[in-house]
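Q: Listed here are the chains, written in short residue letters.
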Amino acid sequence: MARYSVDFQRTASLTLSVGSLVADATRPRRGKIYDLILGSEAAAADNPFLYTLQRCTAAGTSTGVTPQPLDPADAATESDAGENHTVEPTYTAGAILLNIPLNQRATFRWQQDPAYGLVYPATAANGFGLQTDVGSTVIITSTMHYEEQ
Amino acid sequence: MRHQGYATIVQPDAPAFERDTCNCGHCQKVIFLKPGSGVTVYLIPHRDGRWTEESGAFCRVCMRPVCLPCHDIGRCTPFEVQLEYAEKR
Numbered sequence: 001m002a003r004y005s006v007d008f009q010r011t012a013s014l015t016l017s018v019g020s021l022v023a024d025a026t027r028p029r030r031g032k033i034y035d036l037i038l039g040s041e042a043a044a045a046d047n048p049f050l051y052t053l054q055r056c057t058a059a060g061t062s063t064g065v066t067p068q069p070l071d072p073a074d075a076a077t078e079s080d081a082g083e084n085h086t087v088e089p090t091y092t093a094g095a096i097l098l099n100i101p102l103n104q105r106a107t108f109r110w111q112q113d114p115a116y117g118l119v120y121p122a123t124a125a126n127g128f129g130l131q132t133d134v135g136s137t138v139i140i141t142s143t144m145h146y147e148e149q
Numbered sequence: 001m002r003h004q005g006y007a008t009i010v011q012p013d014a015p016a017f018e019r020d021t022c023n024c025g026h027c028q029k030v031i032f033l034k035p036g037s038g039v040t041v042y043l044i045p046h047r048d049g050r051w052t053e054e055s056g057a058f059c060r061v062c063m064r065p066v067c068l069p070c071h072d073i074g075r076c077t078p079f080e081v082q083l084e085y086a087e088k089r
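First to last, the protein sequences are chains A and B. Each residue of the first sequence is one higher than the last, beginning at 1 in my numbering. Each residue of the second sequence is one higher than the last, beginning at 1 in my numbering.
Misleading hints may appear alongside valid ones.
Said to hold, decoys possible - Rough simulated footprint, nothing fancy, chain A against chain B, three-plus residues with beta-carbon under 8 Å:
no. : region
1   : 10-20
2   : 23-29
3   : 35-47
4   : 77-88
Stated by the list, open to error - Below, in silico cross-link-like pairs of lysine to any residue (SDA-like), each with a Cα-Cα straight-line distance of 25 Å or less:
no. : chain 1 : residue 1 : chain 2 : residue 2
5   : B       : Lys34     : A       : Ile37
6   : B       : Lys34     : B       : Tyr6
7   : B       : Lys88     : A       : Leu97
8   : B       : Lys34     : A       : Asp24
9   : B       : Lys34     : A       : Ala115
10  : B       : Lys34     : B       : Asp48
11  : B       : Lys34     : B       : Val61
12  : B       : Lys88     : B       : Asp48
For the record, the hints were derived by calculation from the structure and aren't laboratory data. Bear in mind that the values here come from a model prediction, so they are computed numbers and not experimental data. Where is the CB? At the ideal position from N, CA and C, for every residue including glycine.
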C-alpha cells in the first residue's frame, strides 16, 4: 500500500472547491486520507473560512494535480486529483467528514493513524472534495496525504 | 484508542489549539474530543471561534463512538458496510 501527497491551491477560482481527490474512472482503488493541512498564504487579513471536507461522486472540472508518492520507489497513484475547479464536484448531501471554521491567519492540521484514515470507495470518481462555504480570491492551500490500497 | 487522530490549530494571536479526535463509526466524520473525557464529551466548533461541549454518543451494536447526526438516525450502519454498498453500485 503506497502513500502519496497531493497539494491543492485555490487561486482565482470562482468555485467553492479548493481541491478534489477521487478514485480513477477506469481503475478505481480505495484510498485513505490520514493527514490534512489547511491554510492561506495570502497577506494577513481577518477573513473567516469554514473549511469542509465532503464526499463526492464526481470530480467536476478542474486543473489536474499529480499526487507524489512519499516513497519514490512506489508506482504512480491511480487516484485523480484536481484544483481550481470550474465545475464543482458532485457533493453528497450531508456527507461532511470535517467542518472546521478558521480565521484566514490560522493553519489547521489533522492527522490520523494511516490504517484508520478517511476512506473513499473503489468506485469510479468517488472521493473527497475540500471546499470553503464562500467563494473568494484569497489563496487557500491544502496538503493531503493518503494511502492507496 | 486506535481510532483516534490529532488536530492542531496555530494562529498568530492565540496559543496553539490541540485536541484529540476520533472518527464516527458510521459516517467517518472527524469528531473533536474534550481533553480527559475519553470519547464521552464532543467539542463542536462554531464560526465565531467558540467551541461548545456536547455529550458524546456510542453505538452499542458496532461498539464505536458515533457523531451526533448519526446518533439521531438511530440505526447502525458501519462505514465498512456503506463502502461495500458503494462499490457494488
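Q: None of the hints should be skipped; say for each whether it holds.
A: Here is how each hint holds up against the structure:
no.	hint	result
1	10-20	holds (count 4)
2	23-29	holds (count 4)
3	35-47	holds (count 3)
4	77-88	holds (count 4)
5	B:Lys34 <-> A:Ile37	holds, 21 Å
6	B:Lys34 <-> B:Tyr6	holds, 12 Å
7	B:Lys88 <-> A:Leu97	holds, 22 Å
8	B:Lys34 <-> A:Asp24	violated, 38 Å
9	B:Lys34 <-> A:Ala115	holds, 23 Å
10	B:Lys34 <-> B:Asp48	holds, 19 Å
11	B:Lys34 <-> B:Val61	holds, 24 Å
12	B:Lys88 <-> B:Asp48	violated, 42 Å
Violated hints, in rising order: 8 and 12; the structure is consistent with all others.
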